[in-house]
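Asker: Assemble chain B onto chain A, guided by the hints.
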Amino acid sequence: MVSLFLMLILFATAPLYVSAYHIISLTSVFMYIVLTVSWAVFSGPTQYISLATAAFFGLGIYVTAILGKILFLPIVIALGGLISFSLALLVGLSSLRLRGMYFTIFTFGLSELIRHFVLWWEVNETGTVGRWVVGVDPKVVYYVMLTIVMATLATAYLIKRSKLGLALRGIGESEEAADHIGINVNAVKIIAFAISTFFMGAAGAIMATRWTYIDPSIAFNPLYSFMPVLMAIFGGMGQIYGQILGAAILTLLADLLLTKFPYYYMLLYGIILVGVILFLPKGIVGLEEKIKNWRTAERTREYADS
Amino acid sequence: MPILEGEGVRKYFGGLAAVDHVDFSINRGEIVGLIGPNGAGKTTLFNLISGSLVPTSGMIRFKDKTITGLKPHQICKRGIARTFQLVKLFGEMTALENSMLGFLFGTRTGAEESKVKEASLELLDFVGLSSMAKVLGRELTVANQKRLEVARALATKPELLLLDEVMAGLTPAEVAQATELIRKIRDKGITIFMIEHVMKAMMDISDRIIVLHYGEKIAEGTPKEIAANTKVIEVYLGT
Chain A
2 MVSLFLMLIL FATAPLYVSA YHIISLTSVF MYIVLTVSWA VFSGPTQYIS
52 LATAAFFGLG IYVTAILGKI LFLPIVIALG GLISFSLALL VGLSSLRLRG
102 MYFTIFTFGL SELIRHFVLW WEVNETGTVG RWVVGVDPKV VYYVMLTIVM
152 ATLATAYLIK RSKLGLALRG IGESEEAADH IGINVNAVKI IAFAISTFFM
202 GAAGAIMATR WTYIDPSIAF NPLYSFMPVL MAIFGGMGQI YGQILGAAIL
252 TLLADLLLTK FPYYYMLLYG IILVGVILFL PKGIVGLEEK IKNWRTAERT
302 REYADS
Chain B
5 MPILEGEGVR KYFGGLAAVD HVDFSINRGE IVGLIGPNGA GKTTLFNLIS
55 GSLVPTSGMI RFKDKTITGL KPHQICKRGI ARTFQLVKLF GEMTALENSM
105 LGFLFGTRTG AEESKVKEAS LELLDFVGLS SMAKVLGREL TVANQKRLEV
155 ARALATKPEL LLLDEVMAGL TPAEVAQATE LIRKIRDKGI TIFMIEHVMK
205 AMMDISDRII VLHYGEKIAE GTPKEIAANT KVIEVYLGT
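Chains as they are written, first to last, in my numbering: chain A, 2 to 307; chain B, 5 to 243.
Isolated chain A (complex conformation) (with noise of 0.2 Å):
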């Protein structure tokens, strides 16, 4: 508790002695830290792997770049937020049904669905492809991106300790059990679907006021879907500082690949997701776990050998 109040307060003052570089790869990491811990509030514990974080987030970046003109940010934002839930929650009536595989291969469709919707509608309707944002001063940015990764993260550890969180756990090992000792399985799965939603809807929104200038590739990238999985996994998706980890190191090390090696960047970064999947399946927390167990085996060792 104390050390979270410390790593807070931390964060908060680092604009007053951080290079503005560091601010913004921070502001990226916090940003792919709201992706991968609001996915797993949903995915985690149900196994249901969804792959539209991208539109979600796309169109929390369109609400800015259609509305950030006209309104006051922070109503931008928590409008990009509320948006997402509500198509979140049409969306989770008609495809929850399904399963496995195919959950997941609708809800890439989709994304990719909403950004040629888009894009149709800007070439046929609008008359340009591109939009350009207002900006917004990083700091501020930064200080916006803080208090949506604290709202994630409070959200997802209450869900987590909560009723609803048990219930996502059990849906996730049966679902037919839990459908009859009385769980509502589409509800329960619907409404936690949404509220992961609505964290990607916020940060995109201030997201786009980092970029100027946006366009329905830029803002419904399949990246933004893909990554969070990829994150979470490396991480560890059964606990939530596994998927902070994960999403931190993961953006810190694009960062770093990108910058120091421009020509082998995604060879390396390929390389590095292979190898932590093929050896720590369980993420680096699994690590945590692994130097136990080889821990307690040593002792055991040398408790037989005394």
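Don't take each hint at face value.
Unchecked claim - Quick list of simulated restraints, FRET-style, between CB atoms:
| no. | chain 1 | residue 1 | chain 2 | residue 2 | range |
| --- | --- | --- | --- | --- | --- |
| 1 | A | Leu-114 | B | Lys-119 | 23 to 33 Å |
| 2 | B | Gly-33 | A | Arg-296 | 48 to 58 Å |
| 3 | A | Ile-278 | B | Lys-192 | 49 to 59 Å |
| 4 | A | Leu-94 | B | His-25 | 32 to 42 Å |
| 5 | B | Leu-20 | A | Pro-223 | 42 to 52 Å |
| 6 | B | Ser-135 | A | Gly-101 | 30 to 40 Å |
| 7 | A | Ala-305 | B | Leu-241 | 51 to 61 Å |
| 8 | B | Met-203 | A | Met-2 | 56 to 66 Å |
These are computed hints drawn from the structure, not numbers from a lab. Think of the CB as a built atom: it goes at the ideal place given N, C-alpha and C, for glycine as much as any other residue.
Answerer: Relative to the frame of chain A, chain B by itself:
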């Protein structure tokens, strides 16, 4: 007084009638057995009662109200709980959490969260799992997994409990414990409808037995009557 009644219950899978025009009635406080050769439609009938499947035609009434067409979670809240032929536990959760989930979601009013843990521990003790509260579902032995599934079902505070082969795969000693447990559950005032292949236990424990064959009800009566029924003997032993 019947607690559960079925009228002309029928379920087709494609052109095949898995359950064909079955009438049944279970009285409050009874232990009723459901037997029949493999593929007779026993589990299908349970699935129709619990809401996993919707009947092609016919009507099922629980406490004088129709429940056909309701979802499993709604039927559970009305007071019917079940176990599964192939155990369906929450394997990555502890025995305690498995039972807590039943308490938290199984009743209409919902349980008070502060009392759920205590009630769950009591229930685990009742089924003989008090020392296993912190063990993960998947780490339990088959016999204990079956007990835990019964506990989870009981946590939803049912008036009628459907048991689908809780004794299958158990040793004779475990069968005796299971029989004892089922009697204890009935003594709590819970009506029991159970599918079982362990014939001796079934004969000992049931007040009445219903026999299904190719989806049709071919006999019904006390264990003695069923044991003497020529049709039943024919089905089980062949002519």
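Asker: Return holds or violated for the Cβ distance of Leu-114/A and Lys-119/B against the range 23 to 33 Å.
Answerer: violated (48 Å)
Asker: Verify the CB-CB distance for Ile-278/A and Lys-192/B against the hinted window 49 to 59 Å.
Answerer: At 50 Å between Cβs, range holds.
Asker: Take the C-beta atom of Met-203/B and the C-beta atom of Met-2/A, compute their distance, and say whether it sits inside 56 to 66 Å.
Answerer: holds (60 Å)
Asker: If I claimed the Cβ atoms of Ser-135/B and Gly-101/A lie 30 to 40 Å apart, would that claim hold in this structure?
Answerer: holds (37 Å)
Asker: Does the beta carbon distance between Gly-33/B and Arg-296/A stay inside 48 to 58 Å, or does it fall outside?
Answerer: Holds, at about 57 Å.
Asker: Kindly confirm whether 32 to 42 Å is satisfied by the beta carbon distance between Leu-94/A and His-25/B.
Answerer: Distance hint for Leu-94/A, His-25/B holds at roughly 36 Å.
Asker: Do Leu-20/B and Pro-223/A keep their Cβ atoms within the hinted range of 42 to 52 Å?
Answerer: holds (45 Å)
Asker: Ala-305/A and Leu-241/B, beta-carbon distance inside 51 to 61 Å?
Answerer: For Leu-241/B against Ala-305/A, whose Cβ atoms are near 58 Å apart, the range 51 to 61 Å holds.
Violated hint: 1 only; the structure is consistent with all others.
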